[in-house]
Amino acid sequence: MNNNKNIKVKIKKKKWHRDDTELTILALPTFIWYVLFSFLPMFGVIIAFKRYQIFPGKSFLYNIIYSEWVGFDNFKYLIESRSLYILLRNTILYNMVFIILGIVIPVTLAVMISLIHSKRKSKVYQTAMFFPHFLSWVVVSYFVFAFLSFDKGVLNTILIALGKDPVQWYMEAKYWPFIFVFMNLWKTTGYSTVVYLASITGIDPSLYEAAVVDGASKWQQVKNITLPSLRPIVIMMFILNTGKIFYSDFGLFYQVTRGIPASLYNVSSTIDTYVYNALLSSTPIGMTSAATVFQSIACCITILLANWIVKKIDDDYAII
Amino acid sequence: MKNKRNQNMVSKLNQINKSTNFLFNIIFIIISLISIIPFVFVFMISITSESSIARNGYQFIPNEFSNNAYLFLWNEKNIIFNALGVSVLVTIVGTILGVLLTTALGYVLSRPQYKLKGFLTWVVFIPMIFNGGMVASYVVNANILRLKNTLWALILPLLVSSFNVVITKTFFKTTVPDSIIESAKIDGASQLNIFARIVVPISKPVFATIGLFLTFAFWNDWFQSSLYITNSKLTSLQALLNNIQKNIEYLANNPSAGLSIQQYVSQMPTESVRMAIAVVIVLPIACAYPFFQKYFVTGLTIGAVKG
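Protein sequence lines, in the order shown, are assigned to chains A and B. Positions 1 to 320 (our numbering) are the ones given, in order, by the first sequence. Positions 321 to 627 (our numbering) are the ones given, in order, by the second sequence.
Please keep in mind that the hints were generated in silico from the structure rather than gathered at the bench. Everything numeric in this text was worked out from a predicted model, so none of it was measured. The reader is advised that the hints may include incorrect statements.
In silico contact screen, one side only, chain B against chain A (beta carbon under 10 Å); selected entries [claimed, not checked]:
1. I354
2. R431
3. G452
4. G453
5. S499
6. N540
7. I564
Which bits of chain B does chain A cover? Going by a derived footprint, with three or more residues having C-beta under 8 Å, they are [said to hold, decoys possible]:
8. 340 to 350
9. 404 to 416
10. 434 to 444
11. 468 to 479
12. 516 to 529
13. 542 to 554
Far from chain A, by Cβ distances over 12 Å, these chain B residues were calculated [what the hints assert, rightly or not]:
14. E384
15. S386
16. N387
17. N388
18. E396
19. Y427
20. I500
21. I501
22. K505
23. T618
Think of the CB as a built atom: it goes at the ideal place given N, C-alpha and C, for glycine as much as any other residue.
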């Protein structure tokens, strides 16, 4: 085997070195990980095209291989089930809002924090804002509960003190789009701000000095130096996030609502929460799988498309 | 000297005026408070007495303090320490394995002469834009690799991410000089030796970055646990909190002497116990992250370099 490779490589390039063997050994464990946990599931995609059956006493692989092919039936069923419309609407709309606000607000804050006179204060603010990034959604859901609980939460205590009626927060769908947006910003803004700020500190200070000598105002400096310098990283974040537009932050929608009560189903179910619930219930696995396959393929197309568009506009900024 | 004063003047000119600075400070103080206050609040609830919660709801400054929630957790220390043990074990093993796997591949990909570089680059790149989806991963992990109800289910699926591999590759490529590696090779060192003896010691920042990414990912994970773990011996702290409703009863399964289960449950400070578990999870993070914060940013800025 090795010999064979040797000869082939010799013809094509230089000789296969001892170095190459050693590097291959070094890379082998990670390669095996990729095969098992990344590429094997890719073949699991075929479940979406089968009616999965359990043959008693046979192994799982046997079951998959001998299950009947049903073509796109699972997908058809998914499309006809009507829930797909809500799932897609929620997933995409929330993500679009998150992507836009997730760029505009942190960039604004990063510019502002870079202008604050005291560097010590700015460090303290950064550390405080970074905190939510390190918490899991399970923990955050208890934070939220402390505010929104019907009989004990702070918000209702305040409402009552103001002479208003308390609100059943976990039953009223109309508030939740705002709560989701707020919580998403709460958790991600600090991190993104610090990342953009790192790019701002990397800007060559002589640019600003030259601008000051030319009599540019602070706002002109921000508009003509700071913001253009942030373009590459903003575009990179944009492509990466668009690539995830069919995925949702599962914890946000599932944990913060405390497991999606029925009254909130329409505003808080996304593709991921649907799949999760289906996976732990008795929904046929083929259909669930169809939903995730659809998700993967749609994302693959979006990221390539976003990249293609960016490439059209400016080749330097594309990530692929 | 004159030059320096000039520069000072330039940077003075360059500053925003005092009132804008004041306004910005106010804005950031508000944002900082919004970020931190929920945790302070949850901590205050955890030290509020149960009767005070029943009377007044959750309060920032409770009428009546009590350490009952923590005493209760201490009483049930078998379960709490077991969960803590699972969390710590998974975090440590996962971080070490993850860092080794990630950096080893990152180093290999950073070697310009390596023959299989093109192939392995694709292996890393494809999962970035396509994956089999949650169901397929679940099926593979649960049915083919048989990870259900093992600690490996909490560790293995999260070990490597292509994003981290790319970060390490870029780091090695830009900061480890080729000449050092070439001279070590001339001295007869194997690549494994070079990696362990030369590359690792001079690449501490990237190890710290990846290590911290993984530490927090493992410590905060509840999702893997909710999919694969049903055995209560393997419950992590996050999973314990996630299923607290079920677990409060489970915690109460060994009442102290002289009390029936009903009595014990009715005496339990349920409200504050939940918040106390949240505090136990967050406190180590809150104490540790300010010291490691800079590495998180380093990681992302290295990753942003195209390469």
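> So which hints don't hold here, by number, going up?
Replying inline: 5, 9, 12, 19, 21, 22, 23
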